[in-house]
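Residue numbers (our numbering): 60 to 321.
Treat the hints with caution; some may be incorrect.
[Stated by the list, open to error] Pairs of lysine-lysine residues, derived as DSSO-like cross-links and limited to a Cα-Cα distance of at most 30 Å, are as follows:
{"id": "1", "residue 1": "Lys-75", "residue 2": "Lys-86"}
{"id": "2", "residue 1": "Lys-131", "residue 2": "Lys-86"}
{"id": "3", "residue 1": "Lys-114", "residue 2": "Lys-171"}
{"id": "4", "residue 1": "Lys-172", "residue 2": "Lys-262"}
{"id": "5", "residue 1": "Lys-262", "residue 2": "Lys-169"}
{"id": "6", "residue 1": "Lys-179", "residue 2": "Lys-78"}
{"id": "7", "residue 1": "Lys-86", "residue 2": "Lys-114"}
{"id": "8", "residue 1": "Lys-262", "residue 2": "Lys-171"}
{"id": "9", "residue 1": "Lys-75", "residue 2": "Lys-179"}
{"id": "10", "residue 1": "Lys-169", "residue 2": "Lys-114"}
{"id": "11", "residue 1": "Lys-131", "residue 2": "Lys-75"}
{"id": "12", "residue 1": "Lys-78", "residue 2": "Lys-131"}
{"id": "13", "residue 1": "Lys-75", "residue 2": "Lys-169"}
{"id": "14", "residue 1": "Lys-258", "residue 2": "Lys-169"}
{"id": "15", "residue 1": "Lys-78", "residue 2": "Lys-171"}
{"id": "16", "residue 1": "Lys-172", "residue 2": "Lys-78"}
{"id": "17", "residue 1": "Lys-179", "residue 2": "Lys-86"}
{"id": "18", "residue 1": "Lys-172", "residue 2": "Lys-266"}
Derived from the structure by calculation, the hints contain no laboratory data.
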Amino acid sequence: MIEQKQLQLANIELWKQWKEQGWVPAKQSLIESYLPLVDYVSGRLAIGLPKSVSKEDLSSYGVMGLIDAVEKFDYERGLQFETYASWRIRGAIIDGLRQGDWVPRSIRDKAKKVEDAYQKLEQQYLRSVTDAEMSAYLQISEQEFVQMLQDISITTICSFDDPIREEESETRLSLIIDEKAKNPDFKVNEFYLKETLAKAIDKLTEKERTVVSLFYFEELSLGEIAEVMSLSPSRISQLHSKAILRLKGALGRFKTQLFQDT
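Work out the full structure: start from the sequences and follow the hints.
Written out as structure tokens, the structure is:
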């Protein structure tokens, strides 16, 4: 934390030179100083990806995200650039991977089928459904369901640039706007979105909530989480996949309800 503060203070002058004077060398210096962020984010995303995905490609996509972050960041708002840039880097890597079509269509179809099943069953039962109930609905054995989760684990990396539903163009990022803007409709939608996500997270199993918390808030890798929870990395990957698919299903229901109410 102290090192981050020191870096931020040291770069203030560079931000001023770049944003206020348009001095390109200052921009280049900022990019170079924050390059370790690209290695950190790409390293975390590399976990669980096929070996065919090149680390060099991940870093290349990430650098583009970092450049975009430096160009768009408003240093005068007092926000932490590291947090903002991490999301931009992450989104750029995911976009790059998707453009390269690194996940077979059959795997994406499986992920969509499981997400839809979670959405329908949990809306029907108003609770977190079990693997047995999911297996029965999908007409497969529980072992086949576990294997399906393992197969689709590499698709559960989320980006705010993803559409809320595949067939629609509206993205999660479109729900995030400048907090200073006074838009009543957005405030109402934002309230219900947060409420929906809170309820969805509450419905996750204890282990799923722990995985989500450690991965997205404590920023541990799946391998580190496996050590903390004394479970195998493949089991942690399955728990992560189930949690993300449940949450995506909840967002899908949220979008459907908004559309029906308008």
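Verification of the supplied hints:
A threshold of 30 Å between alpha carbons decides the hint, and for Lys-75 with Lys-86 the separation of about 10 Å falls inside it, so the pair holds. With a CA separation close to 11 Å, the supplied pair Lys-131 and Lys-86 stays within the 30 Å bound. Proposed proximity of Lys-114 and Lys-171 is supported: the alpha carbons are some 27 Å apart, at most 30 Å. Between Lys-172 and Lys-262, the direct Cα distance comes to roughly 20 Å. Compliance with the 30 Å bound is thereby established for this hinted pair.
For the hint pairing Lys-262 with Lys-169, the CA-to-CA distance comes to about 23 Å; that is within 30 Å, so the pair holds. At roughly 48 Å between alpha-carbon atoms, Lys-179 and Lys-78 are farther apart than 30 Å, so this suggested pair is violated. The suggested pairing of Lys-86 with Lys-114 holds, with an alpha-carbon distance near 25 Å, which does not exceed 30 Å. Restraint check for Lys-262 and Lys-171: satisfied, since their Cα atoms lie roughly 20 Å apart, inside the 30 Å limit.
Among the hinted pairs, Lys-75 with Lys-179 is inconsistent with the structure: their alpha-carbon atoms are about 51 Å apart, more than 30 Å. With a CA separation close to 26 Å, the supplied pair Lys-169 and Lys-114 stays within the 30 Å bound. In summary, the hint linking Lys-131 to Lys-75 is supported, as the alpha carbons are separated by about 14 Å, within the 30 Å threshold. With a CA separation close to 10 Å, the supplied pair Lys-78 and Lys-131 stays within the 30 Å bound.
A distance of roughly 49 Å separates the Cα atoms of Lys-75 and Lys-169; the hinted pair therefore is violated under the 30 Å criterion. Between Lys-258 and Lys-169, the direct Cα distance comes to roughly 25 Å. Compliance with the 30 Å bound is thereby established for this hinted pair. Proximity of Lys-78 to Lys-171 is assessed by CA-CA distance (about 43 Å); at most 30 Å being required, the pair is judged violated. A hinted pair counts as satisfied when its Cα atoms are at most 30 Å apart, and Lys-172 with Lys-78 does not qualify at roughly 46 Å.
Taking the CA atoms of Lys-179 and Lys-86, the gap is about 49 Å. The hint is violated against a cut of 30 Å. A hinted pair counts as satisfied when its Cα atoms are at most 30 Å apart, and Lys-172 with Lys-266 qualifies at roughly 23 Å.
Checked against the numbered hints above, the structure breaks hints 6, 9, 13, 15, 16, 17 and satisfies the rest.
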